[in-house]
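Engineer: Using the sequences and the hints, build the whole thing.
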Amino acid sequence: MHNCIIEDDVHIGQNCYIDSNCIIRQGTKLSDNSFVGANTILGEHQMDFIKDHKSHHELIIGSNAVIRSGSIIYTGTRIGNYFQSGHQVTIREKASIGNHCSIGTLSDIQGYCNIGNYVNMHSNVHIGQESVIDDYVWIFPYVVLTNDPTPPSEELQGVHVHSFAIIAAHSVILPDVDIASDSLVAAGANVTKNVEEYAVVGGNPAKKLGDVRNIKNHVTGEAVYPWRFHFKRRMPWEDSDFVTWINGLSEN
Amino acid sequence: MHNCIIEDDVHIGQNCYIDSNCIIRQGTKLSDNSFVGANTILGEHQMDFIKDHKSHHELIIGSNAVIRSGSIIYTGTRIGNYFQSGHQVTIREKASIGNHCSIGTLSDIQGYCNIGNYVNMHSNVHIGQESVIDDYVWIFPYVVLTNDPTPPSEELQGVHVHSFAIIAAHSVILPDVDIASDSLVAAGANVTKNVEEYAVVGGNPAKKLGDVRNIKNHVTGEAVYPWRFHFKRRMPWEDSDFVTWINGLSEN
Amino acid sequence: MHNCIIEDDVHIGQNCYIDSNCIIRQGTKLSDNSFVGANTILGEHQMDFIKDHKSHHELIIGSNAVIRSGSIIYTGTRIGNYFQSGHQVTIREKASIGNHCSIGTLSDIQGYCNIGNYVNMHSNVHIGQESVIDDYVWIFPYVVLTNDPTPPSEELQGVHVHSFAIIAAHSVILPDVDIASDSLVAAGANVTKNVEEYAVVGGNPAKKLGDVRNIKNHVTGEAVYPWRFHFKRRMPWEDSDFVTWINGLSEN
Numbered sequence: 001m002h003n004c005i006i007e008d009d010v011h012i013g014q015n016c017y018i019d020s021n022c023i024i025r026q027g028t029k030l031s032d033n034s035f036v037g038a039n040t041i042l043g044e045h046q047m048d049f050i051k052d053h054k055s056h057h058e059l060i061i062g063s064n065a066v067i068r069s070g071s072i073i074y075t076g077t078r079i080g081n082y083f084q085s086g087h088q089v090t091i092r093e094k095a096s097i098g099n100h101c102s103i104g105t106l107s108d109i110q111g112y113c114n115i116g117n118y119v120n121m122h123s124n125v126h127i128g129q130e131s132v133i134d135d136y137v138w139i140f141p142y143v144v145l146t147n148d149p150t151p152p153s154e155e156l157q158g159v160h161v162h163s164f165a166i167i168a169a170h171s172v173i174l175p176d177v178d179i180a181s182d183s184l185v186a187a188g189a190n191v192t193k194n195v196e197e198y199a200v201v202g203g204n205p206a207k208k209l210g211d212v213r214n215i216k217n218h219v220t221g222e223a224v225y226p227w228r229f230h231f232k233r234r235m236p237w238e239d240s241d242f243v244t245w246i247n248g249l250s251e252n
Numbered sequence: 001m002h003n004c005i006i007e008d009d010v011h012i013g014q015n016c017y018i019d020s021n022c023i024i025r026q027g028t029k030l031s032d033n034s035f036v037g038a039n040t041i042l043g044e045h046q047m048d049f050i051k052d053h054k055s056h057h058e059l060i061i062g063s064n065a066v067i068r069s070g071s072i073i074y075t076g077t078r079i080g081n082y083f084q085s086g087h088q089v090t091i092r093e094k095a096s097i098g099n100h101c102s103i104g105t106l107s108d109i110q111g112y113c114n115i116g117n118y119v120n121m122h123s124n125v126h127i128g129q130e131s132v133i134d135d136y137v138w139i140f141p142y143v144v145l146t147n148d149p150t151p152p153s154e155e156l157q158g159v160h161v162h163s164f165a166i167i168a169a170h171s172v173i174l175p176d177v178d179i180a181s182d183s184l185v186a187a188g189a190n191v192t193k194n195v196e197e198y199a200v201v202g203g204n205p206a207k208k209l210g211d212v213r214n215i216k217n218h219v220t221g222e223a224v225y226p227w228r229f230h231f232k233r234r235m236p237w238e239d240s241d242f243v244t245w246i247n248g249l250s251e252n
Numbered sequence: 001m002h003n004c005i006i007e008d009d010v011h012i013g014q015n016c017y018i019d020s021n022c023i024i025r026q027g028t029k030l031s032d033n034s035f036v037g038a039n040t041i042l043g044e045h046q047m048d049f050i051k052d053h054k055s056h057h058e059l060i061i062g063s064n065a066v067i068r069s070g071s072i073i074y075t076g077t078r079i080g081n082y083f084q085s086g087h088q089v090t091i092r093e094k095a096s097i098g099n100h101c102s103i104g105t106l107s108d109i110q111g112y113c114n115i116g117n118y119v120n121m122h123s124n125v126h127i128g129q130e131s132v133i134d135d136y137v138w139i140f141p142y143v144v145l146t147n148d149p150t151p152p153s154e155e156l157q158g159v160h161v162h163s164f165a166i167i168a169a170h171s172v173i174l175p176d177v178d179i180a181s182d183s184l185v186a187a188g189a190n191v192t193k194n195v196e197e198y199a200v201v202g203g204n205p206a207k208k209l210g211d212v213r214n215i216k217n218h219v220t221g222e223a224v225y226p227w228r229f230h231f232k233r234r235m236p237w238e239d240s241d242f243v244t245w246i247n248g249l250s251e252n
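Sequences listed follow chains A, B and C, in order. Terminal number for the first sequence in our numbering: 252, no gaps in between. Terminal number for the second sequence in our numbering: 252, no gaps in between. Terminal number for the third sequence in our numbering: 252, no gaps in between.
To be clear, the hints were calculated from the coordinates, so they are not data collected in a lab. Ideal placement from N, C-alpha and C gives every residue a C-beta, glycine not left out. Heads up, a few of these hints could be off.
[Unchecked claim] Covered stretches of chain B (in silico footprint by chain C; criterion: 3 or more residues with CB under 8 Å from a CB of chain C, positions within the stretch not fixed):
#1 48–62
#2 152–163
#3 166–177
[Said to hold, decoys possible] One-sided and incomplete, this derived list gives chain A residues near chain B with beta-carbon spacing under 8 Å:
#4 Ser123
#5 Tyr142
#6 Gly188
#7 Asn204
#8 Gly221
[Unchecked claim] Some residues of chain B that are not near chain C, with every Cβ distance over 12 Å (derived):
#9 His2
#10 Asn3
#11 Gly13
#12 Gly104
#13 Thr105
#14 Pro149
#15 Val212
#16 Asp239
#17 Val243
Structural biologist: Following this line, the structure appears as structure tokens:
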């Protein structure tokens, strides 16, 4: 479109749509069928460029990405296929992000972190350095994953969020905390200790409030967790259900 | 000004000021006497455009708007007169916003919501889909109105904030909660249940702490709530007082 | 670089790097050796310009600044040397910011505030008007310094954070609260009362949890506070230690 700045040594795949005012810097590789919203910066400079005005690194983004307007993604990062971002998202260097991830408006991925596949972050999520997020994790608005046990220090210890865990809105997770699979951190929780599998935790400081398997839909009265048996939008079992899908995988 | 991209089928009223680097997309109607800050996107594309590169909808913004730099407002939304935004605000599709509203820097209006007249949101407010906000409501920084009772799910149930209510900074309101008229949610509250008229609630989980009518100004010792009897800036009773104004209305 | 808009009456020092799409407005003075990231607005208009389309003021930024892409800094503000910002930072008018300060991505400095030297704010910090922050303060993500004791009102009373204090992530500080030197506000705290020197406070509402001098590094078992005796990156004692540095100052 208009006013885009595409530097040398940029690879843009087939059938991509690059909207106006984008800056795509040296070293960026964007795969096929991707959409890049207006005012986006792909391949943002790291600190070495700020100092020497010439260092460059590589940003790799897979196919079928949708990067909404105003986002900034650094070099030194690698993102899988079917990525979606909201607006004004920042993703710094040394972030590794899997396939089918979605990162909402105003989220701030601080880099030096590992994010799996099918991870969904809603708006305004802050992922500190050294965080590890496994597959199929949900993180809701204004959640902060911290990393410094005795701030300010140089010894960062990231949070580890395991598969199928859910962190509801406005929660803060303290450094080095382990959020086990299938657990649910309730909205507004201040999580200072590890969270067990299937546990529901909430409060400040967070305490165990119950077991996810006892939570019912307040209309139908049916169980709603583990969520993979009840929710399928944008999941690999979207066209059938989790059990059929996982059985199909093991049969193949 | 410089480098603006004004697409076809855009209506800009008289006496508008459009600053540099703005993108105003097809279907946008901006009324008279409005100011649009630099780097703003009016009429941002919805998901259908991302897929087909051609769908367009309508964005209607009333007269006397002040939209500060870096904001992004989608098509499919309608905003009344005398609107003010801060910087880097995002307003998605299917938001209905009345007259004389103000939405602060970095706020994120997720769309599919109804916002009345004279609603003031400070910086960094998150309004989930299906929220309903009546007239004369105040919402302060880092407040989140959630909507999913059992995340992740497809059954969104918005918060309803009634007229003259106040939600102080850093509070999170759980899905389907009703915040009654003239109530005050204290800073940092985690509101899990309905809030009664005139109630002050706070804490995690929030409990009733008192009645707004008992709160005094710590200097003068005078009552300060309901606030409409004590505060008038940018309100329709700015030139007199609330009682005179409301009596004038009923006499006419 | 490309597409920059540099208005008249702008001073840019020697050896500065101005990246693409920047807008530098009338009255901006940027000193030597500074880096300005893409899409940045320096000298953003105040409300008087929005009304009359001609009022201008002065923005002064010292030498060796690094202002990352997408930031917006108003006129009427003064920033010292060695300033660093993250992305999409907003700094409004009448902010006074000392030397060697760092303000992280998405932070929102509301103006009418005083920030000392060697102050470090991480991402997404909200500094309300009338805040006073002394030297060597650390503020972590999603912290809000409020200022209105009875919102909405016209009587703002800012928070005062004293030297060497630390406010950890996701805390909210109520109006007029005094955070004493060397204290530590724990993550997720809701601080309603003054915090004493060396105190650790946390919870909602925050209570005293202990004394910083009793906190040990969980690996080495050594004391870690007051932090100035244990942390030196980007501090004036970076090349020696705090005691040597302060003794050197008093000898000179």
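Engineer: Which numbered hints does this structure break?
Structural biologist: 1, 2, 8, 9, 10, 12, 13, 15
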